[in-house]
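Enquirer: If you read the sequences in order, they're chains A and B.
Per the working numbering, the first sequence starts with residue 100, numbered consecutively.
Per the working numbering, the second sequence starts with residue 80, numbered consecutively.
If you're looking for bench data, these hints aren't it; they were derived computationally from the structure.
Please read all numbers here as calculations on a predicted model, not as lab measurements.
Watch out, some of these pointers could steer you wrong.
Listed next, the in silico SDA-like pairs over lysine to any residue satisfying Cα-Cα at most 20 Å (straight line) [stated by the list, open to error]:
1. A:LYS358 with B:SER225
2. A:LYS363 with B:PRO116
3. A:LYS358 with A:GLU338
4. A:LYS102 with B:PRO116
5. A:LYS319 with B:GLY200
6. A:LYS173 with B:ASP262
7. A:LYS192 with B:LYS202
8. B:LYS103 with A:LYS319
9. A:LYS102 with B:GLY184
10. B:LYS84 with B:PRO116
11. A:LYS358 with B:PRO116
12. A:LYS102 with B:ALA82
13. B:LYS202 with A:GLN295
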Amino acid sequence: MLKKRVIFTLLYNDGSFVLSRNFRLQRVGDIRWLQKNYNFSHISFFIDELIVLDVTRGIKNEELFCEHVRLLTKESFIPIAAGGGIRSLERAKELLHSGADKVVVNTLISESPKVIEEIAIEYGRQCIVASVDVKKINNQFTVWTNNGTIKQMYDLSTWLDNINNLPIGELYLNSMDKDGTGQGYHFDLLDAIPNQFSIPVILAGGAGKHGHLSSGLDDKRVDAVATAHLFNFVGDGLERARNKLLHDNYNLAKWDVNKINEFKERLL
Amino acid sequence: MIARKVSIVDYGMGNIWSIVSALKYLGVVDVRLISNPDDIMQSDFLILPGVGSFRKGMESLINSGIDKAIIDFSTKKKGNILGICLGMHLMGSYGAEDGGTKGLGLLPNKVELFTPENLNGNKLPHVGFNSTYISEDSGIFNNLDSESDFYYTHSYRMLADDIQGRYAICKYGIEFLAAFEMDNICGTQFHPEKSQTNGLILLNNFVNKVI
Numbered sequence: 100m101l102k103k104r105v106i107f108t109l110l111y112n113d114g115s116f117v118l119s120r121n122f123r124l125q126r127v128g129d130i131r132w133l134q135k136n137y138n139f140s141h142i143s144f145f146i147d148e149l150i151v152l153d154v155t156r157g158i159k160n161e162e163l164f165c166e167h168v169r170l171l172t173k174e175s176f177i178p179i180a181a182g183g184g185i186r187s188l189e190r191a192k193e194l195l196h197s198g199a200d201k202v203v204v205n206t207l208i209s210e211s212p213k214v215i216e217e218i219a220i221e222y223g224r225q226c227i228v229a230s231v232d233v234k235k236i237n238n239q240f241t242v243w244t245n246n247g248t249i250k251q252m253y254d255l256s257t258w259l260d261n262i263n264n265l266p267i268g269e270l271y272l273n274s275m276d277k278d279g280t281g282q283g284y285h286f287d288l289l290d291a292i293p294n295q296f297s298i299p300v301i302l303a304g305g306a307g308k309h310g311h312l313s314s315g316l317d318d319k320r321v322d323a324v325a326t327a328h329l330f331n332f333v334g335d336g337l338e339r340a341r342n343k344l345l346h347d348n349y350n351l352a353k354w355d356v357n358k359i360n361e362f363k364e365r366l367l
Numbered sequence: 080m081i082a083r084k085v086s087i088v089d090y091g092m093g094n095i096w097s098i099v100s101a102l103k104y105l106g107v108v109d110v111r112l113i114s115n116p117d118d119i120m121q122s123d124f125l126i127l128p129g130v131g132s133f134r135k136g137m138e139s140l141i142n143s144g145i146d147k148a149i150i151d152f153s154t155k156k157k158g159n160i161l162g163i164c165l166g167m168h169l170m171g172s173y174g175a176e177d178g179g180t181k182g183l184g185l186l187p188n189k190v191e192l193f194t195p196e197n198l199n200g201n202k203l204p205h206v207g208f209n210s211t212y213i214s215e216d217s218g219i220f221n222n223l224d225s226e227s228d229f230y231y232t233h234s235y236r237m238l239a240d241d242i243q244g245r246y247a248i249c250k251y252g253i254e255f256l257a258a259f260e261m262d263n264i265c266g267t268q269f270h271p272e273k274s275q276t277n278g279l280i281l282l283n284n285f286v287n288k289v290i
């Protein structure tokens, strides 16, 4: 049976990793800090996928971000999706050649769906994740692009209808209202998904503890749950959360983490 | 340390970096990215990776003359080869994508799209870890449970008709070929380099195959 997934999202800003709360960023540390304090390559054995997003406002150092993607993929044997500011096939190519398996697009959906078609022709639709940032205003689900700064004129359902007609492999549905709050997912967003929508759904924004991940996995409409909450889940947080989910018979993939030690010992 | 020469065919289709990382992690010292026919014959072990379109992949192999070298490596030199995802598809006889393209023909199996009928309500592409049922605990499947989880991402499937040797099956609405080992010729629909320790075990079995 196809398993559901627990995804960790790392937010990257100009050489550092950051926490985001309602899209306001707070610096946490650089990649050495991440590795030293959180032993990231170990943590990656407790998640199903990693998403890395360059959320740098203004001019981005694209090569430096690629370098970070390369470093993250070095000892993580899971699928990695990378994105943030992709505007061309060339940029998608650079990320895919830096160890990313998929690219995440967001603003591109409004600015240039043609580029999405180009990426799909070259790499297939399974390689494209559409990220959609949603804010609830006057009981309406509004869609925001450009790091949550530009409001689109279409509501969420119409936006998702449009995405359903693009060559997209997965949807990353993110609540800006819940982002970084640790209060739990915004399940109402799922009600806006059109009936004919046929793309796997990753629910994001708001998870702060194990119970949030499990309630996300409980929802039939959700294929994967994501969290970007560095402080709540890194350390042994993800390890404990996954073990608890597996113990409670959640439909997650299993592998023997202890095998890593056998491979490591042989290298010494 | 594993002192074998493992070459990865770099023909512009997909994520090679992750396979390199996985092999290095397993202690393979000599990992090469190769893109010309002569280098292929010099390898001990060959990995044919790839994501994307069957037609594009095949065109790319033909244009660089790698197609013939891979066939010679596999059938004349009897070198150990592992096709991953699109790489496995290209080893088949035919891919139905874009009106149909002839494959390398290392095995007779064909590659077809999951149709809405056989998807049985499942979404496309097939993405994520899925239960994989393994025919025997030996060869490239050594040390793996008879039901093991591997990571998949694809919309086309290789049919498992008349498969010889060791194999694994996965089901997504309908059954398809998840992996096979016919003597020196191996393939995986899933991505071992993205399948945590299960994938590392399989790759480790492959690079330790008897030459």
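Enquirer: Are the hints correct? Go through all of them and say.
Expert: Results of checking the hints against the structure:
no.	hint	verdict
1	A:LYS358 with B:SER225	holds, 17 Å
2	A:LYS363 with B:PRO116	violated, 34 Å
3	A:LYS358 with A:GLU338	holds, 16 Å
4	A:LYS102 with B:PRO116	violated, 40 Å
5	A:LYS319 with B:GLY200	holds, 13 Å
6	A:LYS173 with B:ASP262	violated, 31 Å
7	A:LYS192 with B:LYS202	violated, 26 Å
8	B:LYS103 with A:LYS319	violated, 39 Å
9	A:LYS102 with B:GLY184	violated, 32 Å
10	B:LYS84 with B:PRO116	holds, 16 Å
11	A:LYS358 with B:PRO116	violated, 36 Å
12	A:LYS102 with B:ALA82	violated, 36 Å
13	B:LYS202 with A:GLN295	holds, 11 Å
In summary, the numbered hints that this structure violates are 2, 4, 6, 7, 8, 9, 11, 12.
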